[in-house]
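Visitor: Chains as they are written, first to last, in this note's numbering: chain A, 16 to 396; chain B, 16 to 396.
Where hints are given, some of them may not hold.
[To be verified] Over 12 Å on every C-beta distance to chain A, these chain B residues come out as not near it, computed from the model:
1. Pro40
2. Gly41
3. Pro96
4. Asp153
5. Leu158
6. Ala163
7. Gln222
8. Leu285
9. Gln296
10. Arg306
11. Ala336
12. Leu342
13. Asn349
14. Ser364
15. Ala367
16. Met393
[Stated by the list, open to error] Straight-line alpha carbon distances no greater than 27 Å define the calculated BS3-like cross-link-like pairs of lysine-lysine that follow:
17. B:Lys394 to B:Lys315
18. A:Lys70 to B:Lys70
19. A:Lys255 to B:Lys20
It should be emphasised that the hints constitute simulated quantities derived from the structure, not laboratory data. As the structure is a prediction and not an experimental result, all values here were calculated from the model. All residues carry an ideal CB built from backbone N, CA and C; glycine is no exception.
The primary structure of each chain is shown beneath.
2 protein chains.
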Amino acid sequence: MQLAKSLQNIQPSYIREILSAASAPGVISLAGGLPDDATFPLALMAKSLAQLPQKPALFQYGNTAGYQPLLDHFREQYQLPDSHDAIVCTGSQQGLDLIARAFINPGDTIVMEAPSYLGALQVFGLAQANIISIAQNDQGPDLAQLEACFASNDVTMFYAVPDFHNPTGVCWSLAVRQRVAKLCQQYQVALIEDVPYRELRFTGQAQPLVSSFCPDNSLVLRSFSKIATPGIRLGLVTGKADWISPLNRIKQGADLHSSIPMQAVLLDLLQHQGFDQHIAQLRELYQARYRALAEHIALKLPQCQFNAVDGGMFIWLSLPACDVDALAQAALENGVAVVPSTVFYQERSDVAPALRLNFTNATEQELGEAIDRLATVMKQF
Amino acid sequence: MQLAKSLQNIQPSYIREILSAASAPGVISLAGGLPDDATFPLALMAKSLAQLPQKPALFQYGNTAGYQPLLDHFREQYQLPDSHDAIVCTGSQQGLDLIARAFINPGDTIVMEAPSYLGALQVFGLAQANIISIAQNDQGPDLAQLEACFASNDVTMFYAVPDFHNPTGVCWSLAVRQRVAKLCQQYQVALIEDVPYRELRFTGQAQPLVSSFCPDNSLVLRSFSKIATPGIRLGLVTGKADWISPLNRIKQGADLHSSIPMQAVLLDLLQHQGFDQHIAQLRELYQARYRALAEHIALKLPQCQFNAVDGGMFIWLSLPACDVDALAQAALENGVAVVPSTVFYQERSDVAPALRLNFTNATEQELGEAIDRLATVMKQF
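All chains, full assembly: derive it from the sequences and hints.
Guide: What follows is the structure, given as structure tokens:
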């Protein structure tokens with residue numbers, strides 16, 4: 016069989032590829048977006064897992080939108096109004112894919128920040144969308160560029176990661192949030208707000224969701240990969256019922272529903288009295304690792320710049336002029352896996368050299384060793 | 016946002032809708048395709064579930080193609096040659112969706128038997144395929160019609176359910192299997208062989224897979240919903256590596272991978288020494304229920320015909336001329352849920368009146384009561 020046209024321009028995910036190289040013995044990986052296995056709240060999930068065999072109904076076919084008690088929990092937790100709805104997905108990645116399939120025709124224009132989350136580039140590429148990229152500064156997207164883009168194009172949706180952006184770690188300011196919401200309303204652009212890292216804030220005050228300023232003009236994607244565990248593949252989309260209903264129709268064909276036993280275990284975890292403490296510990300650990308990484312960089316890579324982050328999983332390390340792809344390859348050969356800036360852009364020419372460094376899945380000692388190795392490689396460049 | 020064009024012609028699944036009506040108190044449902052909760056091999060899964068918290072690596076992000084020890088098991092179990100590969104999916108429903116997304120452009124021609132599995136009609140509808148239906152007889156598809164169709168159209172794939180077809184229960188004869196494989200090879204049509212009910216044979220000898228006669232020209236979809244449990248949402252696609260690789264690329268964007276803890280539990284179950292006995296008991300139970308249903312029909316609905324089945328979950332009850340949709344509605348109001356033949360056809364005009372009756376999710380007593388209620392309703396028609 017011939018590949019479908021929609022697939023012909025899609026490359027395998029660089030990051031999924033590098034992750035297998037990065038798992039070679041002796042390699043320290045700052046390449047993935049992985050939480051630390053050791054932090055998984057498995058002790059809080061143990062009772063729930065062990066009790067599953069007493070609950071055969073959880074193993075039957077279930078509702079496409081999700082396990083009802085979990086949906087009820089989310090309605091209360093996120094204070095969804097009656098006019099809004101929720102759908103549990105096989106990871107928030109599926110939520111994004113369902114949104115693209117439900118609302119994008121080939122050639123439709125969607126807007127994202129550049130650099131961008133790779134999984135979103137993949138989904139919108141598969142949907143054959145016309146992707147317009149907006150530059151990002153340390154407060155969020157460039158507002159003048161965003162408004163000019165909205166004004167001069169028929170834009171279907173603006174996909175955004177306002178909390179601790181992947182790959183840059185940028186967290187949008189309050190003023191930017193309010194302004195983006197206003198622009199989305201004014202130009203009738205749907206805001207797709209993806210917040211997988213939102214709970215991983217270790218300093219400063221949480222900002223309101225951008226969608227809280229335009230609730231009927233947005234869909235919110237949530238992930239439980241960072242605060243629970245990724246392997247269970249559970250995410251959530253919320254928004255007005257008119258926009259959630261088409262996602263349900265696609266999901267019927269896409270996988271009928273997501274694993275119900277995993278949804279039941281997630282509900283027990285979210286309601287566990289120890290869950291808040293688990294999150295607090297996670298923030299503390301990731302903050303310590305971030306600080307260790309920042310100190311090592313200041314010491315060993317003084318020629319490189321990065322903006323401080325208040326949470327999330329990544330920093331974005333700007334480099335002096337160099338061939339960043341070759342540098343990343345040399346780093347891997349020298350035992351440290353990193354992701355070069357070029358892969359996060361749709362247009363890979365003229366990309367400023369930078370590296371995305373993950374600080375959540377290596378110990379402080381490993382982070383130090385990784386920066387030492389990186390410094391050695393950079394001297395050769 | 017406007018719905019994407021691909022979604023505008025897709026109706027919500029009638030069966031997903033009727034299932035919620037069918038779950039009302041007092042209603043006996045023969046409408047779904049549900050295995051019986053009470054048969055779930057949860058005792059065989061209990062140890063595995065309870066041990067999950069000791070295995071944090073299972074809760075991390077995993078490979079898109081699936082949990083490697085499970086993939087190794089399938090390679091051995093299904094004796095896959097080196098040139099073939101496997102991908103674990105979020106239910107075989109996802110496998111079908113990935114196949115459609117990887118290989119079908121809007122307007123491409125795909126062929127199925129009529130009546131057809133609704134989930135496949137949904138998937139191919141969403142892919143905006145040109146669907147051609149081939150009549151089915153009690154040996155399988157009408158071969159003359161199939162060859163004429165292959166000869167006069169540029170057909171991308173033939174989707175087939177050769178073992179205990181949903182909705183008719185037909186199991187293809189050996190001669191039909193060999194002939195279909197030959198036709199697929201001759202006309203370069205990919206065979207998509209969907210075998211969710213294959214293990215549920217309670218009489219007669221298993222037939223070889225159709226794809227065993229054209230292994231490099233086919234993809235096989237397997238489900239663990241009927242022999243393990245549906246709620247865990249795990250299925251499998253196997254076939255030549257060239258055809259599996261594009262499914263991996265789509266799955267990266269669709270949900271990254273399926274639940275790893277559930278895959279590990281499935282592997283333990285498939286390797287459990289009690290698993291064969293579980294399947295034997297399942298067959299025995301379903302055979303007893305099938306026989307009970309058949310006897311009740313012979314006794315109470317002598318005006319209706321059905322072909323005997325050797326396995327699976329359904330019989331196809333042909334009715335005297337009537338408005339079958341109205342009859343199904345009246346049956347529901349009289350406390351028995353069934354699915355009318357019309358919903359299994361792409362073209363709903365001129366459909367012979369029939370009902371799909373499921374015999375796996377009601378006790379013998381309930382099946383008797385259901386037929387009594389159906390007989391009462393039919394007297395009014």
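Visitor: Quick check: which numbered hints come out false for this structure?
Guide: none
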